Amino acid sequence: MAWLDHTSALVLECVLMLPFWFDWFLTLWPCFRNVAKRGCRSMKISWKATFLSLVLLASLVDLLVASNMPPGAVRMSPYIRILMVFVYVGGVREELAGILGHVDKFVVLALLAMLFIVAFGFFGTVIFENSHPSGRRYFPDLGESLWQLQILLTTNNWPDLSMAAYNDNRWYFIYFFLYLVVGLFILLNVLTALVFNVYIDDNSSRKSERRQHKLQSMERAFETLAAQNESLPPNHVVDSPIKDGSQGEKHDAEEALEDATKRRRGEAYVSKDQFFTLMRNLNRFLVIPYVPPPIHGIVFAILDDNGSNVLERGEFYMIMPIMKVRISKEAESAFEYWTPGLWRRTELLRRVVLDPNFENVVDLILAVNAIVVVVELWPYLEGDTDETANTSKTWEIVVDIFFSIVFTCETTLKIFAMGLRRYWRDFWNKFDLLITCLCVTSIAIIFDPNDFNDPRLLRYIVLVRPLRLLRFLSRFKSVRQLSEILVAVFGYTRGPFLLLSIVTLAFVAFGVDIYGGLINLDPARDEYAALLDTAYGTATYGPDKEYDREHFGYYTINLNDYAGGVVLLFSCLVGNNWDTFVDAFVAVTSKNARLFFIVYWIIGTLLVFNVVISSVVDRFTTEFSRVKTVDESPAGGGSLEARGGSVRGIEIRLDNAATVTGTSTGVQGSYVISFDDLDDDDDAVLWGADGVPMYNARTVYGSLVQASSYPPGNYGATAEERFHVQKGGSTL
Numbered sequence: 001m002a003w004l005d006h007t008s009a010l011v012l013e014c015v016l017m018l019p020f021w022f023d024w025f026l027t028l029w030p031c032f033r034n035v036a037k038r039g040c041r042s043m044k045i046s047w048k049a050t051f052l053s054l055v056l057l058a059s060l061v062d063l064l065v066a067s068n069m070p071p072g073a074v075r076m077s078p079y080i081r082i083l084m085v086f087v088y089v090g091g092v093r094e095e096l097a098g099i100l101g102h103v104d105k106f107v108v109l110a111l112l113a114m115l116f117i118v119a120f121g122f123f124g125t126v127i128f129e130n131s132h133p134s135g136r137r138y139f140p141d142l143g144e145s146l147w148q149l150q151i152l153l154t155t156n157n158w159p160d161l162s163m164a165a166y167n168d169n170r171w172y173f174i175y176f177f178l179y180l181v182v183g184l185f186i187l188l189n190v191l192t193a194l195v196f197n198v199y200i201d202d203n204s205s206r207k208s209e210r211r212q213h214k215l216q217s218m219e220r221a222f223e224t225l226a227a228q229n230e231s232l233p234p235n236h237v238v239d240s241p242i243k244d245g246s247q248g249e250k251h252d253a254e255e256a257l258e259d260a261t262k263r264r265r266g267e268a269y270v271s272k273d274q275f276f277t278l279m280r281n282l283n284r285f286l287v288i289p290y291v292p293p294p295i296h297g298i299v300f301a302i303l304d305d306n307g308s309n310v311l312e313r314g315e316f317y318m319i320m321p322i323m324k325v326r327i328s329k330e331a332e333s334a335f336e337y338w339t340p341g342l343w344r345r346t347e348l349l350r351r352v353v354l355d356p357n358f359e360n361v362v363d364l365i366l367a368v369n370a371i372v373v374v375v376e377l378w379p380y381l382e383g384d385t386d387e388t389a390n391t392s393k394t395w396e397i398v399v400d401i402f403f404s405i406v407f408t409c410e411t412t413l414k415i416f417a418m419g420l421r422r423y424w425r426d427f428w429n430k431f432d433l434l435i436t437c438l439c440v441t442s443i444a445i446i447f448d449p450n451d452f453n454d455p456r457l458l459r460y461i462v463l464v465r466p467l468r469l470l471r472f473l474s475r476f477k478s479v480r481q482l483s484e485i486l487v488a489v490f491g492y493t494r495g496p497f498l499l500l501s502i503v504t505l506a507f508v509a510f511g512v513d514i515y516g517g518l519i520n521l522d523p524a525r526d527e528y529a530a531l532l533d534t535a536y537g538t539a540t541y542g543p544d545k546e547y548d549r550e551h552f553g554y555y556t557i558n559l560n561d562y563a564g565g566v567v568l569l570f571s572c573l574v575g576n577n578w579d580t581f582v583d584a585f586v587a588v589t590s591k592n593a594r595l596f597f598i599v600y601w602i603i604g605t606l607l608v609f610n611v612v613i614s615s616v617v618d619r620f621t622t623e624f625s626r627v628k629t630v631d632e633s634p635a636g637g638g639s640l641e642a643r644g645g646s647v648r649g650i651e652i653r654l655d656n657a658a659t660v661t662g663t664s665t666g667v668q669g670s671y672v673i674s675f676d677d678l679d680d681d682d683d684a685v686l687w688g689a690d691g692v693p694m695y696n697a698r699t700v701y702g703s704l705v706q707a708s709s710y711p712p713g714n715y716g717a718t719a720e721e722r723f724h725v726q727k728g729g730s731t732l
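Take 1 as the starting number for the sequence shown in the UniProt record's numbering and just add one per residue.
Please keep in mind that the hints were generated in silico from the structure rather than gathered at the bench. These figures come from a predicted structure and were not determined experimentally. Please note that the accuracy of each hint is not assured.
Lysine to aspartate or glutamate pairs mimicking DMTMM-like chemistry, simulated, CA-CA at most 25 Å apart [to be verified]: (1) Lys628 with Asp618; (2) Lys324 with Asp522; (3) Lys214 with Asp363; (4) Lys324 with Glu410; (5) Lys48 with Glu94; (6) Lys207 with Asp618; (7) Lys329 with Asp273; (8) Lys214 with Glu144; (9) Lys207 with Asp426; (10) Lys329 with Asp363; (11) Lys591 with Asp522.
What follows is a set of in silico ranges between Cβ atoms, one per label pair, in the way DEER data are often shown [as the list claims (entries may be wrong)]: (12) Val599 with Gly517: 18 to 26 Å; (13) Ala49 with Lys105: 44 to 52 Å; (14) Glu209 with Ala110: 50 to 58 Å; (15) Val599 with Cys31: 34 to 42 Å.
Heads up, the beta-carbon is just placed ideally off N, CA and C, and yes, glycines get one too.
Given these sequences and hints, build the entire structure.
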């Protein structure tokens, strides 16, 4: 049953398309304005804007045509939505371009595999002739032989395919042995290795091109800005570059001033006013991280490493990693701002909450809660699901309320002591707050005087609450390191996973158009009788193995709609029973339906899914090497050298941001500078044409370490300094 009628669905689709039309207008507005001022000859439209215009135009035409067509008619909108993903997600375009750029290698290997299967199919058809038990069922002709051998590569019909022949004569096993060794163990693994090597080479090439493009862009930007400044006269006086905290001896000040004047005389530079104007203009672009205007002074001071109050070429190039460095004012609790008296009187309470022993007490309560949960759910663990087990006991309700109150108080105290912004910065605090809110909400719903009284809701929340023990596992070094690696892997594989999703959705859309409605439970239709002759229509999974309408067949896994189609192709991607699904569509159509699933198996499983695996292995190897370098470091993993040169994950606290690296910022207060959002490009060195390293995030890190009175660490939510580094043999 459809959720919406045909008209309502079209109206909803129009509403959902409005943001894309608005984005199209914003994208082309500068072009329209330029044409209005200078004429049509000045029109310059990027490929992205052109492609987006064509996609939106096709979407509009499809909507107009669909409004005059009956419900269920074939439409182009599913395919148009897929094209829009390529417009807005650059990672998907890169992954697809990488595959298409090496398609010749895949074609050669595919032809070799096809020749191998055809050869074995030919021999199998001849060896297992129709008079043989295996021949009558699996090798009646060449086409069926090829299909059965293709299924064998997924091991779905093993050992069924060989049993009749093996029972007749054990020497027939050699045929299947050779096929599996060459096809399954060698050819498919060669394909995986080929995809992996192609992915690694293409990824390295993209990184190199991207870094070179960044360097060229920075050079053009610097030359454009520096051309607006004239060389300073020899007697030009600049601001004193004396670093904050120096004694300001006259000789040292004159020497530093002379060095700064020599650096600026006759050399290109970018002034502070130019930099502020540049930052304001960059904030207009959504694709560039937004930097609040009060932070512009800190950014300039970080870049101005020598304190000359201007940006020279090498300093200006550091703007690329700086744009991804998060600079935020140290979180101040709202309670401190609105109730300073209460804030001062509760200093002891806040110290207790921020003390590490407070976390130990919370972990102990969580452990007790886990034991109570096991006791509460023990009847279900034993398989007792009678009416008594489904009724909540009074003591269980009281205990659940008690733990909910305890964890609510814990959350409230932490928010009070840390401030909401500082509390929200930590992932585990977000997780704890979500679990606590779910517990409180469920209890409020259950005790609200209404008709709703389902003890299962309370039981489900009881199951969720022990998940907070996962934060206890983060105390173990190996678990914490593995968690960091997994998080990095998940973020890195977004592009390949999206590409796999797009390929699946494209096949689903096409499958719904050609096979929609053929899988059904209508006894009056011929398809239902045909399905009863297949394993798809008679497979039982009920509790008593009874053939009833509720517990037999895979009828809900179909291509009648997009949700069922996604489940079907995901099941094919997993591999188990996928030939059973194919047999169902063959039964209601013809053997040509096999081609649809074979093509998806080749493109989706063998090609794109191997790209996903390659990205996972690549990122895991990189992150594991980094973590291993940190772990084996004698400095304990805190120093830059110990981290393999990587600055990702480090935070630096500036106690007073009024002056940074000797340059006035125009702001006051404590700020935290986080390197969490850096990627491989920012963490690596960019080399100039003369072989000199132009910039990298490590340069920024080194400047800030000297400017900070605190050691580098992680100033998160649960502790003032999560970890420290060692410098000069002593722990700071």
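Verification of the supplied hints:
1. Lys628 with Asp618: Within the cut-off at roughly 15 Å; holds.
2. Lys324 with Asp522: Distance of about 59 Å is beyond 25 Å: violated.
3. Lys214 with Asp363: With Cα atoms ~47 Å apart, Lys214 and Asp363 exceed 25 Å; violated.
4. Lys324 with Glu410: Violated, because 34 Å separates the two Cα atoms, which is more than 25 Å.
5. Lys48 with Glu94: holds (14 Å)
6. Lys207 with Asp618: holds (14 Å)
7. Lys329 with Asp273: holds (23 Å)
8. Lys214 with Glu144: violated (55 Å)
9. Lys207 with Asp426: violated (31 Å)
10. Lys329 with Asp363: Given that 25 Å is the threshold and the Cα spacing comes to 31 Å, the pair is violated.
11. Lys591 with Asp522: holds (23 Å)
12. Val599 with Gly517: 18 to 26 Å: With a Cβ separation near 22 Å, Val599 and Gly517 satisfy 18 to 26 Å, so the hint holds.
13. Ala49 with Lys105: 44 to 52 Å: violated (34 Å)
14. Glu209 with Ala110: 50 to 58 Å: For Ala110 against Glu209, whose Cβ atoms are near 28 Å apart, the range 50 to 58 Å is violated.
15. Val599 with Cys31: 34 to 42 Å: 40 Å Cβ-Cβ, so the 34 to 42 Å window holds.
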